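One-letter residues, chain by chain:
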Amino acid sequence: GQQLNQSPQSMFIQEGEDVSMNCTSSSIFNTWLWYKQDPGEGPVLLIALYKAGELTSNGRLTAQFGITRKDSFLNISASIPSDVGIYFCGARSNFGNEKLTFGTGTRLTIIP
Amino acid sequence: DAGVIQSPRHEVTEMGQEVTLRCKPISGHDYLFWYRQTMMRGLELLIYFNNNVPIDDSGMPEDRFSAKMPNASFSTLKIQPSEPRDSAVYFCASSPLYKRQGLSYNEQFFGPGTRLTVL
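Note that the protein sequences, when read in sequence, are chains A and B.
Heads up, the first sequence is in our numbering, so the first residue is 1 and it goes up one at a time.
Heads up, the second sequence is in our numbering, so the first residue is 1 and it goes up one at a time.
Note that these hints are calculated values from the structure, not bench results.
As the structure is a prediction and not an experimental result, all values here were calculated from the model.
Keep in mind that the hints are not guaranteed to be accurate.
To be verified - Listed below are the simulated DMTMM-like cross-link pairs for lysine to aspartate or glutamate, each with C-alpha atoms no more than 25 Å apart in a straight line:
(1) Lys68(B) x Glu41(A)
(2) Lys24(B) x Glu107(B)
(3) Lys99(A) x Glu14(B)
(4) Lys99(A) x Asp30(B)
(5) Lys99(A) x Glu62(B)
(6) Lys99(A) x Asp63(B)
(7) Lys24(B) x Asp83(A)
(8) Lys70(A) x Asp56(B)
(9) Lys78(B) x Glu14(B)
(10) Lys99(A) x Glu44(B)
(11) Lys51(A) x Asp63(B)
(12) Lys51(A) x Glu107(B)
(13) Lys78(B) x Asp63(B)
(14) Lys68(B) x Glu83(B)
(15) Lys78(B) x Asp56(B)
Next up, chain B with everything else stripped away, as it sits in the complex:
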């Protein structure tokens, strides 16, 4: 099976432009997560979906960020307008959820990331 697929791998844009990052989760996974990684703040969860429905978006920095999951195999993270402080590596991750003997098992699998540079 292919892993989590993200595109583009690199994006360079100018301040004020709209940026759209794309993610295809692993087929059959129930959950999809968007993270941002910077040297200063490490890995931060932005938002996550369960069965295409946004569950927790408390990590989304501000209204300039939005995420959608129109179907089980595709999600987008949009920044409009972009600012230099948005420069970071953005990761998408997906996980299945299965239960066995009273425990919930969820293991998140990460994509290769999109390195965003806003000039």
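Chain A extracted, bound-state conformation:
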């Protein structure tokens, strides 16, 4: 089946540092979504990408849909304490099939 390889699994950074994470697959996808999950809560949608090569920003967050359609990355600039959480990528392969495949998550921790 389709799998998304998300890396890194965890990150320990200092406040103010930039963060980069990515998802890769051997399969082609038509949609990439990035979510953040706080403890005890459901995933919250951060950015949605629908076209290969698309680069989209949401405040300090920037995500790109890889040109090969097999990968996507998420960058966070100038991290702040509220960025702590688990980030998931999700991808959809076919229009008309609404199933999302999710990565295993990147746990972001900010060291004081």
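Take the given structure of chain A and dock chain B to it, following the hints.
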């Protein structure tokens, strides 16, 4: 608008008991999804509905699990009988579907989840 609403937020039950999880999707959304999240397996899609009709239930683990969507504003996920290995966080998500310039846009919005513990 209120987001996706799930109840209960926490459920503790004993093995063999019936468990019913409830979900109210965002008004106007065409799709409803049930997911299960565990440390070992991450986020797994169990089943999804389009306009109240089940479309894909291939992720439902076994016959002990069933899901219904009697109308556009309500869905249930039932486990009968429950087992300790069913302990997980269960999420409901809903999404609209709209098309523009040849692309289909669907963004899933998740509820807060139900944390199920089966003793």
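These are the hints, each one checked on the structure:
1. Proximity of lysine 68(B) to glutamate 41(A) is assessed by CA-CA distance (about 24 Å); at most 25 Å being required, the pair is judged to hold.
2. For the proposed pair lysine 24(B) and glutamate 107(B), the alpha carbon gap of about 17 Å is at most 25 Å, so the pair holds.
3. For the proposed pair lysine 99(A) and glutamate 14(B), the alpha carbon gap of about 32 Å is over 25 Å, so the pair is violated.
4. Under the criterion of a C-alpha separation no larger than 25 Å, the hint pairing lysine 99(A) with aspartate 30(B) is consistent with the structure, at around 14 Å.
5. The hinted pair formed by lysine 99(A) and glutamate 62(B) meets the criterion: a straight-line CA distance of about 19 Å does not exceed 25 Å.
6. Between the alpha carbons of lysine 99(A) and aspartate 63(B) the distance comes to roughly 21 Å, so the proposed pair stays at or under 25 Å and holds.
7. For the hint pairing lysine 24(B) with aspartate 83(A), the CA-to-CA distance comes to about 28 Å; that exceeds 25 Å, so the pair is violated.
8. For a cut-off of 25 Å, the pair hint linking lysine 70(A) to aspartate 56(B) stands: about 24 Å separates their Cα positions.
9. Distance hint between lysine 78(B) and glutamate 14(B) is fulfilled; the C-alpha atoms sit about 15 Å from each other, no more than 25 Å.
10. With a C-alpha separation of about 10 Å, the suggested pair lysine 99(A) and glutamate 44(B) falls inside the 25 Å cut-off, and the hint holds.
11. At roughly 39 Å between alpha-carbon atoms, lysine 51(A) and aspartate 63(B) are farther apart than 25 Å, so this suggested pair is violated.
12. As the CA atoms of lysine 51(A) and glutamate 107(B) are separated by approximately 14 Å, the hinted pair is consistent with the 25 Å bound.
13. At roughly 10 Å between alpha-carbon atoms, lysine 78(B) and aspartate 63(B) fall within 25 Å of each other, so this suggested pair holds.
14. Only pairs whose Cα atoms come within 25 Å are accepted, and lysine 68(B) paired with glutamate 83(B) is accepted, the gap being roughly 20 Å.
15. Of the supplied pair hints, the one linking lysine 78(B) and aspartate 56(B) holds, its CA atoms being roughly 16 Å apart against a limit of 25 Å.
Hint violations for this structure: numbers 3, 7 and 11, all remaining hints satisfied.
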